[in-house]
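Quick mapping for you: the protein sequence lines, in order, are chains A and B.
Final position of the first sequence in this note's numbering is 266; the numbers increase by one with none missing.
Final position of the second sequence in this note's numbering is 266; the numbers increase by one with none missing.
Take the hints with a grain of salt, since some may be wrong.
Because identical chains share one entry, a pair is satisfied inside a single copy or across any pair of copies.
When the alpha-carbon atoms are kept at most 20 Å apart in a straight line, the in silico SDA-like pairs for lysine to any residue are as follows [as the list claims (entries may be wrong)]: (1) K242 x P116; (2) K242 x P21; (3) K10 x M229; (4) K242 x P211; (5) K63 x R85; (6) K10 x D57; (7) K63 x R140; (8) K63 x T193.
Everything labelled a hint here was simulated from the structure, so no lab data went into it.
Residue-level listing of the chains:
Number of protein chains: 2
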Amino acid sequence: MPRSATKVSLVGAGPGDPDLLTLKAHRLIGSADVIFHDDLVPAAILALADLRADVVNVGKRCGAKGITQAEINTRMVEAARRGLQVVRLHGGDPAIFGRLAEEIDALEEAGIPFEVVPGITAGSAAAAALGVSLTDRRRSSRVIIVSGHRATKSAPYDATDWKEVARGDATLVIYMPGNNFAPLRDELLTAGLPADIPAAIVSHAAMPEERYRAATLATLDQLPRMDSPAVLLIGHTLKRARRNSKEAVSIALDEAEAILSSL
Amino acid sequence: MPRSATKVSLVGAGPGDPDLLTLKAHRLIGSADVIFHDDLVPAAILALADLRADVVNVGKRCGAKGITQAEINTRMVEAARRGLQVVRLHGGDPAIFGRLAEEIDALEEAGIPFEVVPGITAGSAAAAALGVSLTDRRRSSRVIIVSGHRATKSAPYDATDWKEVARGDATLVIYMPGNNFAPLRDELLTAGLPADIPAAIVSHAAMPEERYRAATLATLDQLPRMDSPAVLLIGHTLKRARRNSKEAVSIALDEAEAILSSL
Chain A
4 MPRSATKVSL VGAGPGDPDL LTLKAHRLIG SADVIFHDDL VPAAILALAD
54 LRADVVNVGK RCGAKGITQA EINTRMVEAA RRGLQVVRLH GGDPAIFGRL
104 AEEIDALEEA GIPFEVVPGI TAGSAAAAAL GVSLTDRRRS SRVIIVSGHR
154 ATKSAPYDAT DWKEVARGDA TLVIYMPGNN FAPLRDELLT AGLPADIPAA
204 IVSHAAMPEE RYRAATLATL DQLPRMDSPA VLLIGHTLKR ARRNSKEAVS
254 IALDEAEAIL SSL
Chain B
4 MPRSATKVSL VGAGPGDPDL LTLKAHRLIG SADVIFHDDL VPAAILALAD
54 LRADVVNVGK RCGAKGITQA EINTRMVEAA RRGLQVVRLH GGDPAIFGRL
104 AEEIDALEEA GIPFEVVPGI TAGSAAAAAL GVSLTDRRRS SRVIIVSGHR
154 ATKSAPYDAT DWKEVARGDA TLVIYMPGNN FAPLRDELLT AGLPADIPAA
204 IVSHAAMPEE RYRAATLATL DQLPRMDSPA VLLIGHTLKR ARRNSKEAVS
254 IALDEAEAIL SSL
């Protein structure tokens with residue numbers, strides 16, 4: 004059976020704007036028989052699927068209730084063995100905070116061939132939205148990508164966690180940052196990062212509902228609650244995000260909403 | 004004059020495969036009057052430009068001899084002021100080890116509007132080529148992107164450099180890694196990284212001339228000389244790169260070439 008299985012395509016959908024799909028992802032989505040997709044992949048991208056395609060939300064939030072990674076893996080394997088064109092569609096780049104490693108394990112164990120199609124990761128989309136670079140040969144020589152789970156909670160490896168990343172020449176890119184930034188601010192300040200280092204949070208980067216706010220490390224806890232998906236960026240390269248003229252509009256909208264919701 | 008200037012598009016061309024361009028990049032390249040591009044952008048992508056477009060190599064290697072970043076900036080500003088559709092085409096993602104920050108500075112100073120269009124960065128393309136994830140909730144919780152300049156040479160910030168990144172739960176992604184990995188291996192071993200941690204180097208990811216080799220930290224210095232552009236990856240997630248069946252072919256080709264060139 005495995006011998007006749009079709010190749011599973013593990014595809015990055017990018018940040019959500021169909022215009023930021025790769026040509027290859029666009030074509031694979033349009034020709035798939037089955038698409039297993041994350042919550043974060045928006046309707047505008049799923050609409051590119053063939054009308055006869057089976058489009059299945061395997062996301063943890065709004066998708067099939069309580070679906071486990073093992074079940075997703077099993078369904079991919081079964082569909083491939085039936086000879087179907089299978090696309091596993093991840094938000095962003097599948098190699099960054101997806102469950103790609105586990106899916107590859109399952110496909111390899113089942114003897115199913117696969118390909119990985121990279122996508123625009125959320126950090127790149129957020130930087131583009133802010134009109135900033137993540138590196139700058141004058142002041143930022145590395146990019147450190149972590150997830151909010153790591154950023155706000157001590158897990159297996161932690162303790163000296165932030166001391167190791169809290170360097171003036173790094174740009175921190177925090178995926179799924181949550182909404183409570185006070186502990187992160189305190190840890191980074193304790194680790195020696197300057198209080199005035201710039202920061203910004205971007206919600207729905209590259210989407211019509213894109214919204215962002217700028218801050219500094221010291222004022223990180225004053226950032227408003229932002230919709231998921233969001234990316235929090237901290238580092239000297241973010242300085243120019245505050246010069247960006249869209250910010251005023253963004254803040255004005257937020258404030259208007261706050262006033263409206265308080266009435 | 005600046006008031007009538009057109010918007011400059013600072014665009015990521017991705018790893019080089021035209022199929023990994025975003026739809027937006029593809030469209031902008033096709034409609035640009037002028038394209039200023041890096042060396043790393045291959046002919047297959049430049050061929051997508053309009054026949055009447057002015058396609059200018061501003062790369063440091065094969066491009067206009069001795070062109071400075073200031074000259075590139077000036078030419079972009081001048082073209083935008085003439086009302087031309089300007090695309091500044093970076094290899095990979097413009098926000099990662101491009102000169103994007105300097106270009107944005109120049110455009111802002113000149114009052115020229117701009118947009119950043121993200122691209123697939125080399126690290127994502129390399130991971131996809133190897134069939135691995137860069138993160139894995141079971142063993143790798145962060146991605147650290149550095150350039151070989153930082154990796155092999157002590158620059159302003161260094162000294163304790165690798166101690167800060169040499170954690171078992173990080174995936175190191177080293178852009179422009181050069182060819183001499185012995186100092187890097189020694190520094191990482193000294194910093195406490197296990198000798199058997201897997202590594203891989205990928206050259207021309209996602210291109211027909213794609214080639215890669217797997218190693219461990221201990222054997223990093225035995226990796227063959229690989230063509231630029233290349234990405235060196237080190238971390239537990241690379242373990243499965245060695246299971247990939249393409250490796251044998253890759254090694255066999257390398258060995259055949261070595262034998263041929265020694266005749």
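Against the structure, the hints come out as follows:
1. K242 x P116: Only across copies: K242 and P116 sit 18 Å apart there, 45 Å inside one copy, limit 20 Å.
2. K242 x P21: neither (29 Å within a copy, 33 Å between copies)
3. K10 x M229: neither (38 Å within a copy, 29 Å between copies)
4. K242 x P211: neither (24 Å within a copy, 39 Å between copies)
5. K63 x R85: neither (25 Å within a copy, 51 Å between copies)
6. K10 x D57: within (17 Å within a copy, 41 Å between copies)
7. K63 x R140: between (39 Å within a copy, 15 Å between copies)
8. K63 x T193: Neither way: K63 and T193 sit 35 Å apart in one copy and 41 Å across, limit 20 Å.
In this structure, the earlier hints numbered 2, 3, 4, 5 and 8 are contradicted, and the remaining ones agree with it.
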